[in-house]
Amino acid sequence: MKTTAAVIHEAGKPLELVELDVAPPAEGEVLVRYTHAGLCHSDLHVMQGDMKGWLPLVLGHEGAGVVEDVGPGVTRVVPGDHFVCSFIPSCGHCHWCATGQQAICDMGANIMRGFLPGESWPLSGPAGRYGAMCMLGTFSQYGVIHQSSAVRIDPDLPLDKAALVGCGVPTGWGAATRAADVRPGDTVLVYGTGGIGINAVQGARHAGAQYVIAVDPVAGKREAALQFGATHAVGTADEARELSFSLTHGVGAAKAIVTVGIMTAEVVSEAFDAIGKAGVVVLVALGEFDARTIDVSGTVATLWKKTIRGSLFGDCNPTTDIPKLLGLYRTGDLQLDGLVTKTYSLDQVNEGYADLVDGHNLRGLIVHEH
Numbered sequence: 001m002k003t004t005a006a007v008i009h010e011a012g013k014p015l016e017l018v019e020l021d022v023a024p025p026a027e028g029e030v031l032v033r034y035t036h037a038g039l040c041h042s043d044l045h046v047m048q049g050d051m052k053g054w055l056p057l058v059l060g061h062e063g064a065g066v067v068e069d070v071g072p073g074v075t076r077v078v079p080g081d082h083f084v085c086s087f088i089p090s091c092g093h094c095h096w097c098a099t100g101q102q103a104i105c106d107m108g109a110n111i112m113r114g115f116l117p118g119e120s121w122p123l124s125g126p127a128g129r130y131g132a133m134c135m136l137g138t139f140s141q142y143g144v145i146h147q148s149s150a151v152r153i154d155p156d157l158p159l160d161k162a163a164l165v166g167c168g169v170p171t172g173w174g175a176a177t178r179a180a181d182v183r184p185g186d187t188v189l190v191y192g193t194g195g196i197g198i199n200a201v202q203g204a205r206h207a208g209a210q211y212v213i214a215v216d217p218v219a220g221k222r223e224a225a226l227q228f229g230a231t232h233a234v235g236t237a238d239e240a241r242e243l244s245f246s247l248t249h250g251v252g253a254a255k256a257i258v259t260v261g262i263m264t265a266e267v268v269s270e271a272f273d274a275i276g277k278a279g280v281v282v283l284v285a286l287g288e289f290d291a292r293t294i295d296v297s298g299t300v301a302t303l304w305k306k307t308i309r310g311s312l313f314g315d316c317n318p319t320t321d322i323p324k325l326l327g328l329y330r331t332g333d334l335q336l337d338g339l340v341t342k343t344y345s346l347d348q349v350n351e352g353y354a355d356l357v358d359g360h361n362l363r364g365l366i367v368h369e370h
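In terms of UniProt numbering, the sequence shown has 332 at position 332, counting the first letter as 1, and numbering is strictly consecutive.
Hints are supplied without guarantee of correctness; some may be wrong.
What the hints assert, rightly or not - What follows is a set of in silico ranges between Cβ atoms, one per label pair, in the way DEER data are often shown:
(1) 17 to 113: 17 to 25 Å
(2) 185 to 220: 23 to 31 Å
(3) 24 to 49: 30 to 38 Å
(4) 294 to 49: 18 to 26 Å
(5) 98 to 218: 38 to 46 Å
(6) 1 to 55: 20 to 28 Å
(7) 17 to 185: 49 to 57 Å
(8) 126 to 351: 21 to 29 Å
Derived by calculation from the structure, the hints in this document are not laboratory data. A virtual CB, placed ideally from N, CA and C, is assigned to each residue, including glycine.
Please put together the full structure from these sequences, using the hints given.
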């Protein structure tokens, strides 16, 4: 089978469309037809060289589509099923899955190495082997993924909305509801209200936060945050800190969630300073892998019982939480319809990322043609 895919060959260069061969699915693998793919900032980190992995690499790790065929031993899906990709696989039997921490499944250790479990390379082309971002490569018309990355969904759900629940929605929503453990009455700061932060806003409000303060320099994103549940929206960290202490009569924010495009020591310190005693900072953003981005007073952390912690995939369980979030969408408790700012064809993928960098989109979405 042939497919057209958007490929990165070298960091710092635009994506190129390449025709690739797709091998039949092997043991535990699933042949899929992607219908939609989200333009997430994590792929941009790969394009810019912040995150390093196998090259050439088919990018895209947020998507949905239809199962075309399955290999031997596949039990999670059957041909014809509609599915959402989970950018973190869930094997179900490693130490982390067995202890309820599927977001750090051991199978996820290889998501930047290009191959599927068992060192399977289903994509090939002019440069030989082609890897797939997060073992998915959703910027392709077709792909072969491991069944641990496929979550079956109800066929009546719109795939363009469902695609968003493979990464950005649970990562932001869970950062608030799980990692930060937002409680009724809390004051919550969300730094960066793009495709992930906007869902942290939604999650915080759903969890009962009294005040949700969105922090973003882009006016359009501040306006969107207010539409998605923020009670306040400011353009700078200084404004956010002042507001958090003013609203709480000097107590400070209970939780701060950092979802900016590039994590820096400055924004982590700003979040740390804006929380009050026993407050929690949740780091969701990424940056250069070896960069030192935490530079705060350990003494203050000790004396004021402050916590800084990371969160991947919002601490969610893909197998159960993706359907759960789609259930909340059905009941109107989770907004998905307004998340996509603009749609693109696959050959417009570089335009989509230019729009992301310029701050135009909450989420761009590729609509695949077949």
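Taking the hints in turn, this is what the structure says about them:
no.: 1; hint: 17 to 113: 17 to 25 Å; result: 23 Å, holds
no.: 2; hint: 185 to 220: 23 to 31 Å; result: 30 Å, holds
no.: 3; hint: 24 to 49: 30 to 38 Å; result: 34 Å, holds
no.: 4; hint: 294 to 49: 18 to 26 Å; result: 22 Å, holds
no.: 5; hint: 98 to 218: 38 to 46 Å; result: 42 Å, holds
no.: 6; hint: 1 to 55: 20 to 28 Å; result: 23 Å, holds
no.: 7; hint: 17 to 185: 49 to 57 Å; result: 51 Å, holds
no.: 8; hint: 126 to 351: 21 to 29 Å; result: 24 Å, holds
Every hint from the earlier list agrees with this structure, and none is contradicted.
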